[in-house]
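According to our numbering, the residues represented by the sequence shown are 1256 to 1328, in order.
Accuracy of the hints is not assured; some may be wrong.
Pair by pair, the computed Cβ-Cβ distance ranges are [what the hints assert, rightly or not]:
(1) Asn1272 x Ser1294: 37 to 43 Å
(2) Gln1296 x Glu1276: 19 to 25 Å
(3) Ala1267 x Phe1289: 30 to 36 Å
(4) Ile1314 x Asp1257: 43 to 49 Å
(5) Lys1273 x Phe1301: 16 to 22 Å
(6) Glu1306 x Phe1326: 32 to 38 Å
Derived by calculation from the structure, the hints in this document are not laboratory data.
Quick reminder that beta carbons are idealized off the backbone N, C-alpha and C, glycines included.
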Amino acid sequence: MDNKKENFKRIAEKRTNKIIESISKLQNLTNTSFYDYTSEQVDAIFNAIQEELDKQKKIFEEDKKKEKKRFEL
């Protein structure tokens, strides 16, 4: 069981840091010397990211609920 926890922690940290790094790179797109964008485009980017975050969080929450629905007398 501890091995599963360690695997989760190791992989989750690696993947989370990779995601954070990728999101941080969006800042490079603010350089108006190279890029032109609208507020609608920015909203679309962040809405898409937020939708995916919400979707993934819901999967984790639903998975936890499944574990708790065990009948006992």
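Evaluated hints:
About 29 Å separates the C-beta atoms of asparagine 1272 and serine 1294, a value inconsistent with the hinted range of 37 to 43 Å. Remark: the range hint 19 to 25 Å for glutamine 1296 to glutamate 1276 is upheld by a beta-carbon distance near 22 Å. Here the CB-CB span from alanine 1267 to phenylalanine 1289 is close to 34 Å, well matched to the stated 30 to 36 Å. For the pair isoleucine 1314 and aspartate 1257, the beta carbons lie near 24 Å from each other, so the given range of 43 to 49 Å is not met.
Against the hinted window of 16 to 22 Å, the Cβ-Cβ separation of lysine 1273 and phenylalanine 1301 comes to about 19 Å, which satisfies the hint. Range check, glutamate 1306 to phenylalanine 1326: about 35 Å between beta-carbon atoms, so the 32 to 38 Å window is met.
Of the hints listed earlier, those the structure fails to meet are numbers 1, 4, in rising order.
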